[in-house]
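Asker: Take a look at the letters that make up each chain.
There are 2 protein chains.
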Amino acid sequence: MKLAIDAMGMDKGSQIVVDAVKRFIKENDYELYVYGNETELEGLKSVERVHVLHCTQVMEMTDGALAVRRKKDSSMVRAIDDVNNGVADGIVSAGSTGALLSASTLILKTIDGIDRPALLGTLPAKNGRTVDFLDMGASSENTSDHLVQFAKMGRALAKYVKNIESPKIGLLNNGSEDKKGDLLRVETFKKLKEIEEFNFIGNVEGRDILSGEVDVVVTDGFSGNLVLKTIEGTGAFVMSTLKEKLMSSFTSKIGALLLKPALSSLKNTLDYKQYGGAILAGLNKPVVKAHGSSNAEAFYFALKQLEKAVANDVVAKIKRDLV
Amino acid sequence: MKLAIDAMGMDKGSQIVVDAVKRFIKENDYELYVYGNETELEGLKSVERVHVLHCTQVMEMTDGALAVRRKKDSSMVRAIDDVNNGVADGIVSAGSTGALLSASTLILKTIDGIDRPALLGTLPAKNGRTVDFLDMGASSENTSDHLVQFAKMGRALAKYVKNIESPKIGLLNNGSEDKKGDLLRVETFKKLKEIEEFNFIGNVEGRDILSGEVDVVVTDGFSGNLVLKTIEGTGAFVMSTLKEKLMSSFTSKIGALLLKPALSSLKNTLDYKQYGGAILAGLNKPVVKAHGSSNAEAFYFALKQLEKAVANDVVAKIKRDLV
Chain A
209 MKLAIDAMGM DKGSQIVVDA VKRFIKENDY ELYVYGNETE LEGLKSVERV
259 HVLHCTQVME MTDGALAVRR KKDSSMVRAI DDVNNGVADG IVSAGSTGAL
309 LSASTLILKT IDGIDRPALL GTLPAKNGRT VDFLDMGASS ENTSDHLVQF
359 AKMGRALAKY VKNIESPKIG LLNNGSEDKK GDLLRVETFK KLKEIEEFNF
409 IGNVEGRDIL SGEVDVVVTD GFSGNLVLKT IEGTGAFVMS TLKEKLMSSF
459 TSKIGALLLK PALSSLKNTL DYKQYGGAIL AGLNKPVVKA HGSSNAEAFY
509 FALKQLEKAV ANDVVAKIKR DLV
Chain B
209 MKLAIDAMGM DKGSQIVVDA VKRFIKENDY ELYVYGNETE LEGLKSVERV
259 HVLHCTQVME MTDGALAVRR KKDSSMVRAI DDVNNGVADG IVSAGSTGAL
309 LSASTLILKT IDGIDRPALL GTLPAKNGRT VDFLDMGASS ENTSDHLVQF
359 AKMGRALAKY VKNIESPKIG LLNNGSEDKK GDLLRVETFK KLKEIEEFNF
409 IGNVEGRDIL SGEVDVVVTD GFSGNLVLKT IEGTGAFVMS TLKEKLMSSF
459 TSKIGALLLK PALSSLKNTL DYKQYGGAIL AGLNKPVVKA HGSSNAEAFY
509 FALKQLEKAV ANDVVAKIKR DLV
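So the protein sequences, as listed, match chains A and B. FYI, the numbering for the first sequence is 209 to 531, going by the working numbering. FYI, the numbering for the second sequence is 209 to 531, going by the working numbering.
Bear in mind the hints are in silico, worked out from the structure with no lab data behind them. There may be inaccurate statements among the hints.
No copy labels: a pair is met if it fits in one copy or bridges any two.
Within a straight-line C-alpha distance of at most 20 Å, the following computed DMTMM-like cross-link-like pairs (lysine to aspartate or glutamate) qualify [said to hold, decoys possible]:
{"#": "1", "residue 1": "K367", "residue 2": "E405"}
{"#": "2", "residue 1": "K230", "residue 2": "D353"}
{"#": "3", "residue 1": "K475", "residue 2": "E452"}
{"#": "4", "residue 1": "K334", "residue 2": "E250"}
The structure displayed is predicted, hence computed values, not measured ones.
For reference, chain A alone in the conformation it holds in the complex (with noise of 0.2 Å):
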C-alpha cells in the first residue's frame, strides 16, 4: 500500500505530521509519500520507507477553489495529483476543507453516478456503537438526487467499512412522521423508500443521531455542518460543566480522584479524534480529511481512516454498489 500525506494543513504545524507517520510506520510495511516543506519535515527524512517530498507552495485555509489553479506545487495538489497519477493509492490532508474538495474533484473526479462528494463523519454513539454521518459540510445546498447519492455512498461505507450487512439508514429530519419536514426532505423520503436493496427507517431527529438505533444519518451539507458542531459544542459544554462541579467541593475533588479512570475512559469515548478525520467520499480515489487542530495521535487516527479505506477497496464497492 503506497499512501499520500499532505504535510502542510496543521493549524500547530508540521511536527504533528512527523510524529504520526512515525508511529503509523512501525505499524505496517507501507510507503509514505509525504509532500511539504521539506525543512519541516526533516525529521521523516532517514525513516525508511518514507519519501519526503519538497513543495515550494502552501494552501493557506483561506484558499478556496481558485487557489487550485494557481498553487500547482501546494502539498496538496501535488499530493493529490500524484494519488491521481498512481504514485499513491489514497491521501490524507488537514488543509482548507473547500481547497481539498475542489482540488480532489477537479483532478481525482467524482465517481459516475455520483454529482458531488460529501464529507463523511463516524460518530461514537450509545451501546458502544458508531454511526456514520454525511454529508457533514462539502455542500452548502443539496437536491434530493445528492441526497440519494449520500445514503448510496452511506450505506457501501458502512457495509465495507464496518462490515454491516444491511445498515440502517436515517434521513434527518424535523420529526419522525413520514411526510415531515421542507419539500426536500419530503421529496428524498420518497426517492429512499423506493430503492428496494435500502434498509430506510425513515425520518430520524436530531436527538437520534447517536442513539445508536441508526447506522447511516443522511442530511444536506448545510444542515450537516450545523449539527456536527452543535455535537462537538454541546459535549464540549457538557464536560467544561462537569469539571466545574467537580471542582466544586473538597469531598467532589476526592470524588474525582476516585473517578479518574472512569472520567478518562468518558473523554475517550466522546474524543472525536479518535474516529479519525471525515471521508471525502464520492472520488475516484480515498480521500481523508483531517481536522486542522489535529494532535499526532487523531493524525495518526486519519492515517489508519485511509489504510481501512484502501485495503478495503472502498471506491471499487462504491462503485459496484451505485449500479
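Fit chain B to the given chain A structure using the hints.
Answerer: Frame of chain A, contents of chain B only:
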C-alpha cells in the same frame, strides 16, 4: 394577573398539571383558568382562585391546522379564545405544536410586522449564562425577512425578560466568515448587518451556541429544530455514557457516591425542563409551549415563564421595538 392553562396536552395525563398548578398558585394571588376534562381536574376544584372549565374535546398530538376549526370545544381552542377575549392574559399549553401554532395564529393573530411566530427557547450555556435560540421549529421553511423578524423578537425578549441592555445577536451558519452559507444566510447576514440598533456579532457556528458568548442565536425553523434536538440528544448521550463509566468499577462507584451532589448539580444545569417551555413569539398575546413530556416541575417552570412574559409586558415591548 390571569393565566389560561390548557391541561390536556400531557403525555402522562393531567395530574401533572394539577400538581404544578397547586404549587404555582400558592406563591401568588393570580387567577388561573384551567381548561380540560373536569373529571381529570377534580383535584383543582376546591383550590382558591383556580377555575376549572370543562371542555368536551381534546386536541390530539396528531392534530394540525385543520383540527382548529373542527375542535372548537377543545381545551386548547377554548383557552386561546379566552385569552383573545381578555378573560386571561396569556396561555400555557403542552399540546401539539402544529395545532397550537395554527390555533394561536388564527385566533390571536401575529403582531403587525411579524409574518409568522417563532418558537424561542432559553438554553443553558457556559459560565452560568443562558442563550435564547429561535426558531426551534414553528416553521419548516423561512425567508431572510422572517429571520430578521426572529432577530428582532429574540432581541426584545433578551432585553426585557433577561435585562440585557444590548443583546449580542448571532446568525447560525456553517462558518464564522461573513459570506458563509446558502443564499438564505447570505441575504439574512446583509440585512442584519444594516440594522443600526443591533449588536450583531455575525455568523456563529453550532459549537458557539452554548459558548456563553452570544445572547440570541437566530436560525430558520428547520435547522433550529435539528439543532435543538441534537443538543438534547448529545446531552443525553454524554450523561448516559458518564453513568455507565461511573458504574464500571468498585472504585468508581465509591467516587460516584462522593460526587452525588456535584453530579446532581450537573444534571440540574443540563435539565432543559428547568428553563421552562418555549415561547411562541410574535403573537398578540403571550403563548408558552410546554413539553408534552413535562413532569410537574417542568410544567411549573413553564407557568413561571408565562408569568414573566405577562409581568414584563413583553408583547407590548416587542411591538414597540419593531417600529
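Asker: Each hint should be assessed against the structure and marked as holding or not.
Answerer: Quick rundown of the hints versus the structure:
1. Taking identical chains as interchangeable, the C-alpha atoms of K367 and E405 lie at most 20 Å apart only when both belong to the same chain, with a minimum of 12 Å there against 54 Å between chains.
2. For the homomeric pair K230 and D353, neither the shortest alpha-carbon distance inside one copy (42 Å) nor that between copies (54 Å) is at most 20 Å.
3. For a Cα distance limit of 20 Å, the shortest separation of K475 from E452 qualifies both inside one copy, at 15 Å, and across copies, at 13 Å.
4. When the C-alpha separation of K334 and E250 is checked against a cutoff of 20 Å, the pair qualifies neither within a copy, at 43 Å, nor between copies, at 42 Å.
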